[in-house]
Every structure is written in structure tokens, then in C-alpha cells.
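Enquirer: What follows is each chain in one-letter form.
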Amino acid sequence: MSEVTQNTYWKSLNELAQNQEYKNFVEREFPENATELNDGVSRRGFLRVMGASIALAGFAACRRPVQKILPYSHQPEDIVPGIPLFYASAMPFQGSLTGLVIENHEGRPTKVEGNDLHPASHGNTNAYHQASMLEMYDPDRSRRPSRNGAKSSTADFATFASEYFADTNKRIAFISEANSSPTYNALKNSALSKFGNASWVTFEPFGEDNIIEGNRIAFGSRLRTHYNYTNADVVVSLDDDFLAATHPNNVEYAKQVTGRRKVTSTSDNMSRIYSVENGFTLTGSFADNRLRIKASEIGSFANALAGALSSRINGLNAFSSVNNSFSNNEFLTALADDLASNAGRTAVSIGLDHSAEAHAVVAAINYALGNTGSTVSYLEVPHFDNQNNMEAFADVVSGMKAGNFDAVVLIGTNPVFTAPANLDFSGALANVEEVIQLSSYSDETSKKASWHVGRSHYLESWGDGFSYGGARSVIQPQIQPLHDSLSEIEFLSTIINGAKGSGYELVQNTFNGYYRTGFNNKWKDILHDGIDITDGFNAARVRLSNSIAPASESAVSGIEVVIRPDASIYDGRFANLGWLQELPDPMTKITWDNVALMSPNTAEQLGVKNEDVVSVTINGTSIEIAAWIQPGHVDNSISLTVGYGREGIGRVADYDNEQKAGGINVYPLRSTSGMLFNSGTISASNSTYAIACVQDHHSLEGRDMYRQASLSKYRETPDFASFAYVHKYEVPGMKEAEEMDEDAPISLFDEQTYPADEPQWGMAIDLNSCFGCGVCVIACQSENNIPVIGKTEVNRGREMHWIRNDRYYVGDDTGSPQAVHQPVPCMHCELAPCEQVCPVAATTHSDDGMNQMTYNRCIGTRYCANNCPFKVRRFNFFNYPKEYLTTGEDPDIIQMAMNPEVTVRFRGVMEKCTYCVQRVNRAKINTKIETGSPKPADGTVKTACQQACPADAIYFGDLTDNNSVVSQMKHNERNYLMLEELNVRPRTSYMAKLSNPNPVLVKETNQEPAH
Amino acid sequence: MAQIFPKWTNQVPRKILIGLIVTANVVILGIWYFFSPKYTDVGYAPIQPVPYSHKLHVDKLGLDCQYCHTSVFDSKQANVPATQTCMNCHGQIKTDSEKLAPIRESWETGKAVEWVRVNNLADYAYFNHAAHVNVGVGCESCHGRIDKMEVVYQAEPLSMGWCLDCHRAPEKFLRPVEEVTTMGYKVDDQMLIGSELVKKNNVSPPQYCQGCHY
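If you read the protein sequences in the order shown, they are chains H and F.
Position 746 of the first sequence, counting from 1, maps to 746 under the numbering used here, and the rest follow consecutively.
Position 142 of the second sequence, counting from 1, maps to 142 under the numbering used here, and the rest follow consecutively.
Please keep in mind that the hints were generated in silico from the structure rather than gathered at the bench.
Don't take each hint at face value.
[Claimed, not checked] Here are the simulated BS3-like pairs of lysine-lysine, each with C-alpha atoms no more than 30 Å apart in a straight line:
(1) Lys713/H - Lys935/H
(2) Lys68/H - Lys55/F
(3) Lys200/F - Lys935/H
(4) Lys55/F - Lys199/F
(5) Lys68/H - Lys172/F
As the structure is a prediction and not an experimental result, all values here were calculated from the model.
In isolation and in its complexed conformation, chain H is listed as follows (with noise of 0.2 Å):
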């Protein structure tokens, strides 16, 4: 393409090779039989899709259709019908809440957005947050209690309990998941000392106990490590992945970081970011320096690693005679010097699921290097339990099986999916009495349970808790229960006092108990703000302990079998949500099932290619599963996801055969010696399992797309991005255009003029922010009321995602590239390809300068996704509308999830990034009435994927406005246009990445960073 020393970027093996696979591939627009509609057998597979997809109006084929308008009785005090209200509240998962607003039409709440005041948000959110909005809508939720399987109710439920539990010498078991709440740890308390034979454990299958233990080792007290990456300089991770949707904190620890690398001038400075890792992680393709070992070497680096500060800085002398294969590495000496010139300025983590000893050891390093009290903070938070949980349940589950135990109360867990194999938690529960269970979906666990009481929605109940980092907060639902349930709070009160008392109330006593005075006011401001009081867990004043020692070093010497939560759908909860399945996994870019990740060589040792089935064996238990290749994965390491291979969960998450997706449980190969990693065998079977991954769906085919450099590079020559630089000869037409005194280069085509009082929107995105999380996709899609396809379609190419987030590699070297990633949504040209081509006008460019759909008029040729240069239109092949409206079950609470503002496609017509048209109206109304300027004031309109975004990565306005933010993005000299010789002027412009690696490591082939 250009002349100039261009680094390669690709997004698969098969792209790198150009073999006829891909070209076969890319060469079709549509993938082969996406033209055509295979009714039948497919349709059928379809409504198993969860339908998150449907039209609010009905009866469209009469021509006076009869509607009716049913205001209020009474009606509300704050509702005005048509005006969205917004309610804060916070969602909890893996015992730590994060604020959120959510958005209510009418009482119905449709979307989740992030909690300005709230230090986990900060305004922003995750997928799994945005994706919960549909957890409650699911019709596979569970809707009422069951009892050995036949159905009941919460009353009868509270009628079983006040007797059973009259007997308080009942020896009962309660295993819970993690919780932060207060006024359930306070019920936990008294079921405690109610029930005198009472044990409580805290089950998570990838819980925080590591941590908590680790620190116990380091400092003698049980401590949960909070970092704060505004302070440092240098973030070293081994093997943890804080920036993925899999840590509790991500979204703090997302902002922290990009933060540290918002550069706007060749005088900015940016923080280094050091990752040691197996497999490829988003932190790992974010990272600036990356090192690929063993899960099961990172024990041993970070003794090396603490070995080696020892003979830099002072208090490590514990691990000076470390001597292990990493103690001469040099990515670790260049690392040591690093950390050792920035001391208290940085900051060491390492995954959660690694031994308590490493956790200890990277304790040290960051108390020597000072960073305690700048980067790192040691909280004592008050509802930890006194006790190695992971050991506390490997007790109750043995005392379960000597008959020791009357009763089991399971809180929100499902351990006969996730627990440790060799436990044998299900044949346990054949010993106890009463199983009771509640939970969210009728799971695995619930049906070896005598008694399954379906939990609420956090949107649906009360509830409170603690941030990680110790910010209260109150949960405060935004409507009634959908089905007969109770809150995790209510089902405890049951039990201890055979009623389920008022949620509200005891969750308001609690909040009272905080207040002495003024409390009503105080209860409000809680309410409105969404958080009560940020510190609410102490930093303690930490010691490191005299005993500290290396840990014990356990590196796997053939292949290791590494087992972790998937990205999408953690380990197993999130599995019935069809937008988190269809979301492409980060990094691999595979929907709908799980793999066996490996590194190119060891594919080649074991002679397997992406889809063979092999079989993985650990101690004698085997599990088959597709192969995928994962360039920049370490050899002879074998990387698993939990979550899949569910049956009877619900529509989505269930192993579909006739579709073929779904994955492989992996859980049983999980065991309490190995929960991370272990050795296990890998041989390769004769079959081979299809899997939807959509890397080379819409390719821009290696053209010019991505451009970035090093710090020191762009400092040299800050135009590194511009057109002129990487190819050497200016834009096409702009000599020309010169000539005639123009500023852009000359068309063939009429260029729109626009008003003068119009806004001119326009969107920059930020590539140094972004670390390819995908939140931007489901907050589209549920602003947006995209649909799910299923595995089937996913193949063909025909995901709907309005936004999609392309992963490319970098170099040629498939061992260890670098990744990028690139969002890429509708680039709104203002000469727009597809506009030329659309033979009923049905594509148009609006005044404000959007290119604008109108789905009325289109007739369904695609033309215009065949002329977009960027392939970012997509084509609605299926009536969704109409299958769930009249066909599918459960419309009614389907049409729920919907947002009313804007319009459910049918079947045949285009649709694509409208830079939610919906928002920018509602803004433009709004400004219109109140100021009487039609230009909303800068940072009044915010798209869906700007606003989940925890990176700030996005930027949106008025490009009229000069002082708009997204105007000064695009005068910056990073800016630059994707695939700018045609001339098509898009709105939507790019803003280069850049690196700092740590010039000692830089490579000689990587002189020349990338373009």
C-alpha cells in the first residue's frame, strides 16, 4: 500500500498468512449463504435466542388500528409521561458494589448508566452492568419458589421456614456468596447466634481469599488490597487482569489507568505499564512491556522479582538468595531498575486466583518500594469472615457428607455447577435434610434443592453495601418484583423470623444505626446521590511481618492447564443473557462458546488448527473442547474458560444442538489444589466443532487503519499520525484543491452545505484510551434495542452491532505480537459512499451532519453496506420484531427491556450507528426550549457507547463549537482520518495510540514503531 516501513497489522493467523481460506472469505461481501433465509430448522433455533428484540406496537397489518390510552388513576407525584426519571442505585457482584444511575420510562427502567458521584463509576460502567438491565427482563428467570421441584410460593416458603426453623439446635450450613451488605451481614450475625450449630461460609469460585491470606502473611491481619493507579508511574502486573469485566473493581482501576495516559501535547507524560501473562489479557494488549510465562511461573517471578529489588532498594533482604530461572531475565532487570528509580510511584499486582505466598511476596515489593499510602492501601473491611473460606467449604462439604449438617442454605451460589470437583459438593447434598437454595435461575444446585426460592433483581429490591474501595451505598429498586421472589436480605429474615419483613425497612434501620441526628434528610441524600460516604472501609496502618519468605515455587514443567472466568459471561451467572454470549470475546473475538486457547507452537506440536477438538486431561478427568489459537499465548500452556455447557438453566445458556453452541463445562476439571492452573495431558481427536468467531467479519482487508507510535517517537515528529507522514505524498485531490483554493481535497461529488444554525456533530475516539473492554458494544445495544442472532447467524456475518470493536495484531512475529484495539462505528461521512448509492434515498445526510437511516423508506438492496468502505452497515435478515411480538413466549416482559425513543427494525431493512439520534433530539428539544439556541451547550449530549465508556476514550459534540472537547480532540495533531485517500470526509475521526515502553527493552526490529 505505501511505501513507508509500515508494521503489519492483522486480526487472524489466517489474514497473516493471506491464504485462500481468508481470501475466499474476504472476497464475498456477505459470507457465503448469508443471502439467504433458511427458514425451518433455523427459525426454530432462533426463538431459543433470547429475544431482546421486539416491537412495542402491535396489529400493524390493520389500517386503523384501535389503541388505547390508559393514564394513571392516581397519578405519581414525579412522573410526567414522555420525560425519562433517573434513579441512582448500584449493582453488586463479587461482594462489591458499583454506583449506577438507571434510566425509568415510566416506571419501566430500561438502561443502566454509571453514577457520576460514585468512585467504582465515576460515571461509567462495565458490560456485565449494562448487560444486568436484561438479566431482570429474562423470562427464564426463575418465577417462583419450587418445592422438591413442584411449584409454591414465597408464602408457603415463609410458612415452611417459621416451622422448620422453630428448632434453633438445627445444625445448618449457610453457604453464601460474597456480600457487602450491611444489614445482611448484620441477619448473618443473628442466624448465627439464633442458631447455636450454625456455620457460615462465604462460597465464590473466584473469590478474594488469595488476597485476604496473602496479606495476612505480609502484614498479620486480613486485609483486601486497593491500588490507586492516579499515583503511579509504573503498574506492574503479574498475571492480573484489573482493566477486564472479570475484576470487581475494574472500572475504578479503568479510569485510574487511562487516566495516567490522557496526552494531549508532546509535553504530556504517560504512566508505563509492565504485564507478565500467559495467556493474552486486555491489561496484557494494554500494556506498554509484556511478558509471556506460565501461570504457573509467576510464583517464581515475583520472587525473582522481589530477589532482585532486594539488591536496589532496602527491606527485601528475605528474598536475596532467590535464585531462579527469571533471576538474570532481562525483561525482569530492566523491570527491577524501573521500579527501583520510580519507588513510591508505583504499583505491583497480581492475579487473584495466584497462592497466598505470592500475594505476600508482591506485598513486600510494593511495602519496600513505599508504595503503601500512595498506590497501594490495605483496608480492613469489616464483613470478611475470620477464616480461609476456600478451606472453611472444604469442611462444610466433608461435614455434609458425615451426615453433620440438618440443613444447607445456599445464598445466591450455585455449587454444584461451580465448586471444585473433587469436593463432590452435589453427592454431599444427598446427606443433609433440607437443601435450600436461593438464586436467580432455576440452576444446577437448585434442582438437587428441597426447597429453590427465585432471588429478586438488584433493580427490584433494596439492598445496600461497599464499593471495594469502602464507598456506601444503598441498592434502591426502580420497580416492584417481576415475579413471586425475595432479596437475599428477605429470604435471611425468613428464615431466622419465619416472616420476610420489609426490605426498606431493614435496610433503612441499618442507614438509621449510622445517624444520630437528621437522618430522614441524610436517608434522601442517600437515595439522590447514590452513595453515602466514600471511606467506609479504614486503611489500616500496615507492618510487613519478619517472617515474610519467598513462595514456594510450583511451576508446571510440561503443559499446564489454566482455568479461569470468561469475559463474557464470568463463571456461568451471566450465561442466560444472549448479549453477553453474542459479545465477542476481547481478545479472541469468539461468541457463543468457550476454547481451548493455546500458542501457535504448541498448535503445532500437538498438530491441531482453530476448531479441532481436543481432549484435555487433568488427573484422569478429560474434557473435550475446540482448539483456537491465540498468537502471543505462551507455550505449552493451555488456557479455559468456565461458565458453558449448562443444561437446563434457561434459553440461552443451555447447550443448544441444533445450533451447536454453547460450550464444554470446564468445572470439572477444577480441583482445590489446582483452582488456577495444574498439569494436565492434551491430545488431539479426529473431530471438529464449529466456532462463531467474527475476527475477519467486516475486514477493512489491510488497508491503512491503524496508526500509532512510541512516546519518544511522537515527541520527535508529532505529526507521526498525519496522512503526508505514513504514506509519504499528500491526501489525493488536495494539490488540486490547492490550486482552487479549497481546504479539502476536491470531489466528484456535490458537497452538502450545512445551516449555519445547525450543530455539526462529530465523534473522536481515543486509541491510547481504549483497551478494547466492549462496553460501548452492549451499552449500543441496549440503547439501542439491538437484537441477539444466535450462533448459527453469527456465522454467516450477520451480528448486528452497531459498534464493533476490531482486535488487531501487530508484527510479524506470532509468537508474541502486540494487540490493538479500534472501535469502529458508523464513521457518518459527510460525502457518504453509501449515500450515492441507495436507489430510494432511504440514506440521506442530515443537516446537523449525521448520514441518517430512514427505515421506512428502505427497500432492503444493500447497496450501501456493499459501497461502505468501513462495513459498518448492517442488515436486518430476520423479522425479530414480529417473531417475538406474536410468535414468542413472554412478549410482554420482553417489550419491557425496550427503549421506547427508539424504533424496533424489521425484517429487510438496513440499520446502522445513528451517534443515538435519539439523545442528540432530546438535547436539541431541551436546549431549544430552555435557552432558545438550537446548539446544545458542549457535554449535554452523550452517546451510549461515550458514556459506558470507563476510559473516557470517546469524545462526541458539536464540531461549530471551538471550544467544544471533541473539536480540540480533532485539531490535536494525533488525529487522523481511517482510510482518508477516499475522501469521504468521515465525522467520526481517530486519535493515534501511543506506547512507552521501557527503552531498554525495546527491540531493534522495533525501531520504527508502528504507523
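Dock chain F against the given chain H, drawing on the hints supplied.
Expert: Same frame as chain H, but now just chain F:
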């Protein structure tokens, strides 16, 4: 040889041609008129659960539109009043009227009165009351002389062409914002006053698609 066709048959082709042209025109004009919202929709007056008379309440008793349609200046919806609004008066007046039974029932049970929608825009069109009344589009301009209606009927076609008549030339219809709810508003120099209002309120109605369709 006797002629097979009589002489008048010479005129047949011409007559057929004229006939066809006339028929085609009638058909086209027929479809044009009878299939358009002007014929199909204007005058639609469904039976309501309560025979509420705007004529009585507005014309005789002098209620302002906003007494019931409270959110018209604030929201996209003008708001069909809650039962509560009816009961403000009918808690004391005509408390045992049979016609008002559904209102009292709604008040007691909390269930909604099921009013039948009269003015129904085409699907996929977004309409916002607040955006219109705040720049001086009168209620009457779209809803007709509500104060003369015993039974509410659709007064205007609500077709896209009809919308655009005003979006293209708002000065023909605008009135001062204080006069929005006035019924029977008429001035002699509408074009002059209208043009001034357009300038004063900075009115530029969108004529591009996604002003209304999204």
C-alpha cells in the same frame, strides 16, 4: 357485399380510448383522495368509555387545555389526564351521574380508564408536543376546534405532507406562545406576524429525515 360492421363502429376505438382515459383518471383521482389520510382518517371519532364533551368543558365552562393536558409544554406527550384530574371536580359535582361511573370505578379500583386514541401518528414517526407549543404552534392547528367538539374527532390528516406544509413555511401557522391554547385565534396579517415570530423564536423546523424518523 353487406357491411359486417355498421358505420357507428368507426367511432368505437376512439370512444374506448376516451373511456379508458376517463376511467384511468377517475381511478387515480379516486385513489388519490379516498386512500389518503384526508379521507380515511379525518373525521375519525371513536366511541369513548365516557362521553366526555370538550364543547361543554372548554366552550361553556372555560377550562384551559392545560388544566387537563398538563405536560404539553414539558414533554413529548401532552398527557391524557389521570382519573384524579376528573375527580377534582366530579368528587363534588354530578357524583351520581351514570355516565361518570367508569371514572368513579377507576378512582376506586386504581385501574385506568381505557380511552380510545384519536390522533394517531404513523408508526416510526417521532412527535414532541413540547417542541411545538413552545415555539407557538397552536393546539388548534393540529387538533382543530376542540372547543366545538361534542365528540372528539381527528381534524387534520396527520400525513407527512401535511406536517411538511408547516415545517416548510412555519410563518403561515405560528402564533405568539401565550396564544397557543386559544381557540379560534385569527389575525389579519398572519404572514407578517408569523414571519416576525419565526425570527424572534429562531424557528427552523427540521426538514431532514431524522428530525422525526429514528
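Enquirer: Each hint: holds or not?
Expert: Cross-check of the supplied hints:
1. Lys713/H - Lys935/H: violated, 39 Å
2. Lys68/H - Lys55/F: Since the Cα atoms of Lys68/H and Lys55/F sit roughly 22 Å apart, the hinted pair holds (cutoff 30 Å).
3. Lys200/F - Lys935/H: holds, 16 Å
4. Lys55/F - Lys199/F: Violated, at roughly 35 Å.
5. Lys68/H - Lys172/F: violated, 33 Å
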